[in-house]
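Novice: Letter by letter, the chains look like this.
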Amino acid sequence: MKIIRLGTLLAVASGFALALLLLPAEQPASFTLPEISNGDDASDPVMEAAFVSGELTREVHSATAVELNNGDIRVFWYGGKREGSKDTAIYSRVFSNSAAGWSEIHEVMSRRQVTQDTRRYIRKLGNPVAVVKDDELWLFFVTVSVGGWAGSSINLSVSTDNGNSWGPVKRLISTPFMNISTLVRNAPLLTEQGDVMLPAYHEFIGKFSELLRIDNSGTVIDKYRISHGREAIQPALLATDPGNAIAFMRNSSEKHPGKLWFSHTDGSLADWTPLAPMPLPNPDSAATVVQLDAADELLLVFNNHPSERDDITMAWRPAEDADWQLIHQFENLAEGEKIHNPFSYPFLLKTSRGDFHLFYTWKRKYIKHVHFNRAALQKMRADAGMGS
Amino acid sequence: MISSDPLFTGLSVVLLCLAWASLLLPLARLPLALRPVLIVGITLLLMLPLAGDPAWYAVRGTFGDSSISALLFYIAFILQQNFSWQLCRPVELVLLRRLLAVTALLLYPFALGLTGFDSYSLGYANPWLLAILFIMALLFWWRTYYFLAISLAASVAAWSLQMLESGNLWDYLLDPVFVVLLLLTCMKPAVASHQTR
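So the sequence lines, in the order shown, correspond to chains Y and R.
So that you can map any letter, position 121 of the first sequence is 121 in my numbering, and since no number is skipped, the others follow by simple counting.
So that you can map any letter, position 12 of the second sequence is 12 in my numbering, and since no number is skipped, the others follow by simple counting.
Derived from the structure by calculation, the hints contain no laboratory data.
Hints may contain errors.
Using 20 angstroms as the maximum straight-line C-alpha spacing, the simulated SDA-like pairs for lysine to any residue come out as follows [to be verified]:
1) Y:2 to R:144
2) Y:170 to R:7
3) Y:350 to Y:170
Okay, the calculated bits of chain Y under chain R, using three or more residues with CB under 8 angstroms as the criterion [said to hold, decoys possible]:
4) 15-26
5) 175-186
6) 200-210
7) 228-242
Built from N, CA and C at the ideal position, the CB exists for glycine as well.
If we strip away everything but chain R, and leave its shape as in the complex, we get:
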């Protein structure tokens, strides 16, 4: 289980924080040479001890683990925001935002006890869910949404290898912090400016 490896868990928290910093702070306005310095600075800050433990323990304790899809998106988002490297095309970002918003609506209220049906339980070794995701991945590939296709395949592969602590496929596909960040990206002017490039 990779999630028990401190390097992986630490790195995933660093990516989460850098993605949020890229969203909330005007990093894109800094000179290009300063941006890597700031990224290293934030990373070091998370490693500093807070009440005897690395600060990233507090972030992980509060927000939980990021999904695999989220980690891939965070990498793409950090690179796009700070270095204008485009791994996720604007059209993919829009589609991802819509898909995750709908999935979150179908997942979280039921997981919180809205009805007797728990959509989260569908994530335990359900061949039908896998089949739907496979069709989606093929459709993404056919429409040349390669970032989405790879994200989906990587999440499913990571789940089958149990790379996170969870045995539930949903936890590899999305997490609430990712959904919120993704929805907030539509309000980020910097993203819009990159979209036009």
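Chain Y on its own, in the form it takes in the complex:
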């Protein structure tokens, strides 16, 4: 009996000594701030629009894009017979700045591959988001094993060749409740410590936004709650300085329908201000935002309606204390036309050269791409009576 007693004590001491020895030192996260590029205002306005998703699948949704290290733009989206059908896969293609233009579309992630890599039954695939981290391209995407989107989990695959091939899929563990109901929609940020800050949201019982901090091995090492309750999802995150960020969120609330939510950190990533409704409307739909010439000069693309996704509109805010100005409408449903959610899930990418790539779901059939430069943006502002 004494041997058991002594052995147990030794086991307890060893287990905790090991934990103490391997306990990682706390490193407060500080954002890597993107370079603010003014672009080339002097060139002629360029604005080109095209459908980029082809005819491979009957329905497509939730496009996202990333600028690769070589300056090319890689876009991802998911498609299938319909949203949530078993044949959904994630597709991608590359927009080259050279004369090559758009590459062929290829499937980068299938249900079959995720099932085999994660050793879990996967029923459907959903929203992808990507980030370039050093020489690697990290692709986060949603999968569901059981039920609807509230049963989602996040997965990660890494490419070392700009997305031509992908490493094994890894499951991210982000909640203690059977790891269900964490989703992604908007682009991650990077930290000086080499971690990825992934804006995520939860949909089962609670509907709220949070930030996942992910280390080099693709493991969630911390999380910060942006909101709680059942009000705000799909945070679009921007760093305002190394220790602070702002988030714009889709309004999924029943109490205050129709307005985009906004929150900002109060000196620490763990400390977010209460949700504040913006003056801009929101029909419970995703929005996207980028910074222009200063951290507080913003371009936001959204559905400019409190209840319908009938348009895709861009708003500009010149400074933190300035009002939002509507400067361009990319889509507007023709009068008399009746389609459920015709335009949704915009994703705006600002490149290191200072031009813009906007992607959004067009009548669920196509992903539409609009490429415009700084001169075109200048013209939009002038046309809207804003000047520069």
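Place chain R on chain Y using the hints.
Specialist: Okay, now just chain R, sitting in the frame of chain Y:
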């Protein structure tokens, strides 16, 4: 990371299913010689392909991974239910049930967004949580609750070695499926009969 090893993940799903089978099926009424056969049968069933993949992929996809504490308890529970080998004493079982019920109440509602506070985030490299668990482990040892003390130490050691996919200590200590099974054991007459032995 052991969790990426198919043997470990497959085995943990087998243990989960055997524990539930031991709880829900009257295995204890079978002749002793038949019980190992049934256990092997359930294990083989989980290995059979279902829609092209082993059936245990479906179980894992639905319920997620078991915590380390759960796996240790499942081993003890399967042995206790089917072979009357007692690794976890009745008094430890009662204490474990109460502790996990309270922990689950403090963890899951907050993780599901009840307030701005997320108790789950305390599981990321929090020295205070470790200190509390260490004191608990010492108390268990002092009260001769050796199964609980070892379970706690093993969970903490597994977390520090990142043996599961999760980087959060809570995921090594408990999981919802474990909590439900543990709470249901108090309604299992077979457990009560073993408790009196």
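Novice: Does each hint fit the structure? Answer for all of them.
Specialist: These are the hints, each one checked on the structure:
no.: 1; hint: Y:2 to R:144; in the structure: holds (11 angstroms)
no.: 2; hint: Y:170 to R:7; in the structure: holds (17 angstroms)
no.: 3; hint: Y:350 to Y:170; in the structure: violated (29 angstroms)
no.: 4; hint: 15-26; in the structure: holds (count 10)
no.: 5; hint: 175-186; in the structure: holds (count 6)
no.: 6; hint: 200-210; in the structure: holds (count 7)
no.: 7; hint: 228-242; in the structure: holds (count 3)
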